[in-house]
Each structure stands twice: as C-alpha cells, then as structure tokens.
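K.L.:
Just so you know, the protein sequences line up as chains A and B, in that order. For the first sequence, full-length UniProt numbering begins at 1 and goes up steadily by one. For the second sequence, full-length UniProt numbering begins at 1 and goes up steadily by one.
It is worth saying that the hints were derived from the structure and are not from the lab. We put the CB at the ideal spot given by N, CA and C, even for glycine. Certain hints may be false.
Said to hold, decoys possible - Stretch by stretch, here's where chain A covers chain B in the computed footprint (C-beta under 8 Å, at least three residues):
id: 1; segment: 9-16
id: 2; segment: 21-33
id: 3; segment: 108-115
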Amino acid sequence: MARALGLARIACFEMEAGKDGAWRWFGATFGITGVDGPEGRARLLEAVFDADRPSLWVLLSEEGAAAADNGLLSVEIRILTAHGGSLDLQCEVTAEPASPFGPATLIGTIRDVTHERRFEADLSELVRHNHLLLATIDACPLSITVSDMTRPDAPLIYANRRFLEITGYQADEVIGHNCRFLQGPGTDRTAVERIRGAIARGEQTELRLLNYTRAGEPFLNNLMLSPLRDEAGALSAYLGLQEDVTLEAARSEAEAQRQKMEALGRMMGGVAHEVNNMLQPIALLAQHLLDAGLAQGEAREHVEVVLDCSLKARQIIGDLLTFSRPATRLAQRHAAAALMQDALRLVRPALPAGIALVVQIRETLPDVAIERTVFAQIVLNLATNAAAAMQGSGRLSVTVEPMPSALPIEAPSLAGGLRIRVIDTGCGMDRVTLDRAFEPFFTTKPVGQGTGLGLPMVYGLVREAGGSITLQSQPGIGTAVTILLPPAPPEEMPAHGHHPGH
Amino acid sequence: MATILVIEDVSAVLLSLRIVLQGAGHKVTGAGDGAAGLELIAGGGFDLVITDIWMPGLSGAEVIRAGRAQSPRTRFLAISGGDPNSESRPECLASDAFGADRLLSKPFEKEALLREVALLLDPAPANSQGRTP
Chain A
1 MARALGLARI ACFEMEAGKD GAWRWFGATF GITGVDGPEG RARLLEAVFD
51 ADRPSLWVLL SEEGAAAADN GLLSVEIRIL TAHGGSLDLQ CEVTAEPASP
101 FGPATLIGTI RDVTHERRFE ADLSELVRHN HLLLATIDAC PLSITVSDMT
151 RPDAPLIYAN RRFLEITGYQ ADEVIGHNCR FLQGPGTDRT AVERIRGAIA
201 RGEQTELRLL NYTRAGEPFL NNLMLSPLRD EAGALSAYLG LQEDVTLEAA
251 RSEAEAQRQK MEALGRMMGG VAHEVNNMLQ PIALLAQHLL DAGLAQGEAR
301 EHVEVVLDCS LKARQIIGDL LTFSRPATRL AQRHAAAALM QDALRLVRPA
351 LPAGIALVVQ IRETLPDVAI ERTVFAQIVL NLATNAAAAM QGSGRLSVTV
401 EPMPSALPIE APSLAGGLRI RVIDTGCGMD RVTLDRAFEP FFTTKPVGQG
451 TGLGLPMVYG LVREAGGSIT LQSQPGIGTA VTILLPPAPP EEMPAHGHHP
501 GH
Chain B
1 MATILVIEDV SAVLLSLRIV LQGAGHKVTG AGDGAAGLEL IAGGGFDLVI
51 TDIWMPGLSG AEVIRAGRAQ SPRTRFLAIS GGDPNSESRP ECLASDAFGA
101 DRLLSKPFEK EALLREVALL LDPAPANSQG RTP
C-alpha cells in the first residue's frame, strides 16, 4: 500500500494534536530524509522553501487543526530535492476531533503536482509568446493581411495597423470583406488577373498594382501573396504583404528619365560639334558670295536660301544643346511673382482667343535664381504646347505657389522652393507619348508644325536652374506640367523685380 | 590690314575663314593642327591668332597658353563648335574663353567674325577684355 502510494507520488500523514503529538507518514517521501520517522514534522518543515514555510506551519499547528474543523484546508508548497531541483506539492489536511479512542488528529495528504504546475507555466508562456507575436505583427512597418481561403469570397480575417494606415480604413470596415475594395479605375486589370491566376494555382506571387485609399487617393502597392496551408496541405489562407512604393517608383522613374536625357545630351554634344563645324563654311562662303557680288540674278537668290538655311540649322542646334546643357550661368535673384507676370505678358498675345488663361499667383513666394529670359522661355514654351494640345479652345491655368512642405521631393535642395503648375484641358498624352515627351525631335505635331524641341528645351532650362519638371497627363482630359524650382541662395545676389515697374 | 594665323583642323572651315579674312584685306596664314600652329607662332609676326579649340593632338587652349608665352603681343580669338564629348555650349565650358581674348561659337556669321577681329586689333584697351554674349 505504501509502495503504491509512493509510485503515485502521494503521501498521507496523521498528526495528533499538541506540540509533541505523534506523527505518522505513509507513501512517497519526496526525497525528504526522515519525514516518515518520529521527527517527520520537523523534517518536512525544514525541507520547505522559506517563503512557503509559514503557511505550512499554520496548517500543522493548533490553529490549523481548529481551522480544519470547518472542512478541508489546502496549501501549495515547494520543497528542495536532494539534486538541487524543486518539487511542487499540494498539501490538504482535514481534522478529526478528539474521541474516546484517541486525541484530536490532523489527517493530510501531500501530492506531487510538479508536472501539472510546469505544464501550466509552459502554457501561459505560450499564450504570452503568441500575444507578443501578434503585437509584433501589428506593429510591423510592412502592411500584413490574412485572407481566409476556406470561406466563400476569401474575406480578410486579419489586417495589421500598417495596412489600416496605408489604406485609411478602420479594421471593422475591412475584416470580413474581400480585399478587392482596394482596386479602382486606374488598377491594371492584367495585374488583377495575375493575382487571380496565382491564387487559383495556390502559388506565391509578387507584383505592383495601383490601389486606392478609403479617400480615393491612388497609391502604388507592391503586393506579395503567399499561400498558407494546413497540416494536410490544403490551402487555408493567403498571407498578403503590402508596401506603398509610390514615392520610390516616382524617384526611380525620375532617375531613369535623367539618365536617358544625359545619354541623349552627350550624343547631341558630339553631333552638334560636327554639324556646327560643317555649317561654318556654308555660312561664311555663302555670305562671301553675296558680298563679293560673285552670285548674280537667280544664283544670288539661291545663295540667299542656302545662307538662310544655315542660320536656321544653327538655331536648331542651339536649341538642341539647350535641353541638356548643365551648370547655372549668370542667374540673378528674382521675385517669383514678377517673373511670372513678365512671362505672361509674352504668353497672352500668343494664345488663340478661344483659350481662357486662369492665373493664380500666391502673395508670399520664395525668390528664385534664374535668368529672366530663361524663365520666360520656359513659360512661353509650355503655354504654346498647351495651346496646341487644346486646338484653339479650352482653359489654361497657371499657378505659382510655395512648394507644399509635405510634398515628397527628389532633391533636398528643392525644399522651400517654388511650385509652378501649367495645366491645360487639351487632348492629353498616353503613356508612350508621356515617356518620350522630353526626347529631342519627338513631336506629335504634324510635320512642319514643330521641331520637337520645345519640351526638351524646357527640360534643359529647368534642370539648369536646379529645378525638376514632371508631367501628368490623361488622354482626352489634359496635361499638367509641374515645375519645382529651388529657393534662391540667401542674400548673395541682389534682388531684382521686387518693385513694380522695375 | 593685319597678319593673322588661323589654326583649324577642318579644311573647309579653314578655307572659308581664309577667304573672308583675305576679303577684308588681312594677310592670312593657315595651320591644320595645333603643333604646326605653335611652330608658326614661334616664328613671330602675327597680330592675331584664330584657333579652333577641339582638335586632334594639341588643343586650342594649349596652343593659346604656349603661344602667349612665345608671343606676348599677339591677340587670340578662340572658335569652337562645342565639346564633342559634352553636351555644353562652348561659352558654358570655359568661363575664361579657353585663355583667349575672345570666344566665338561656331557657326558664326561673317559679320560677327569681322567685328571680333576688328575689336581685337583695335588698340583701345577698353575693348580688349570680355566675352561674346
């Protein structure tokens, strides 16, 4: 019987009331030497952790016996083992009142609950760990979602904080819905088809597509979808990782554009040098023929045409070089509003009557360092292009304002500068045209109506002034040109144009 | 009437300059590259040297530097169609006009050439500095 108890890691004890009452112990000893001997009570108390001793002491004392009269008393104690480990023991006592057969007696059982306690501790560690994991996922700077593939229409069952930040939705607006609510008019349908295909095949996929926030703002989403499978290998969910790469994509596009223009510029330099040399004898000798009277009558007329063509060719080469020439020349500090007013004086007469010019110039503007004629050339070129795109009627709006501080910009030097926007209601450009718009000799105008050097020149002039230029366009709706110019460096150049009539 | 040396590697350009300058009454000597030009300058006697900048071998800028040392009283007019290896106009590349007294961008008109030549041969010192616009 005692052995059976020992195997079950249970002990029973009896203690007669009184300080020197008899002690009897059966069953497991839990490695406590002498606990089953006459001094067993003292040995037990010695083995208990200091922290637990008082409660065991109370239990095995007169008060314990008194309290136990009212039923079962229970404490948990820890003891040190011989190997330096510890055991969790549950100790329960009950009291037997004095009777004709003997004094009042405490009867107790002690059971080893170490395994139960360890299991519970592990479990709570696991729960705590999972909580931590969830909090980490929630705080992750990458947007994370989980779609339940076992339910119809694969609703979202999880979306972390970053997802809600990027999209502007509340959690209860997205959970339970298929994530196609992110799509909008500009979303590439082929990208959506690719997503569908990958999901149907249960594959992982990564792609970029245009999505929309709750407020309808488009953003470029770098989306990675990864299937989650249950133990049997069946598709249970899709993990979605999203990243807003709008700014990054704009930057790399601008960089690619810059590199293309640089390569073109270098090529133009080589061509210009050769052509300029070849034009030289044409210009000088043709003039000589005329001046020396060596060409008469019809011949004279022909030589005049030759001379005229050589001068026009020189102009074309000059314009060509303008688009890519680097470094600022003599740029003076000017008040932006005065610059624009001067430029618009040239623009107005150049616009057909059917085009309404709407000008908005903010009162407080940073000064800019740019040649007055260069600025006028930029505005005039853009206005002429816009007028051509509107084919005689429409609205041309020109706004000049301080650069919004929240605007993401390519270069820190542009911060605190000027933003100029020229927006037309013309025919607009498709993607292919837009990509090539700054290329020299790329023109959509009929042959003879444009050299294709207008926008390349503007590009060159803006870059020369340290600024940037971007185009947004939608076919049939219009084109918006945005020019950012850096603020003039502080107080080195004298200000011009601050006063009316200057 | 002045004695002018034209250094230019493109023979058609050299020919046209020679004809125009001779037509204006100047005595013109030609050289097809920088080394030949420098040799002639060392011989002395030139009021004005008109030199191309980007030439195979010795560049115009080097010719001007060495030529000034050999012949301090000679004036120098640089002519250039732009750097074949860069996208820049000549006037953007050299704020010092490659060391020349004046710089003309090719292609220039006959009138512009004769105006520059006259300016450089004019003894009035007020007109001896600066660049073409």
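K.L.:
State the violated hints by number, sorted upward, taking the hints as numbered earlier in the document.
P.N.:
2
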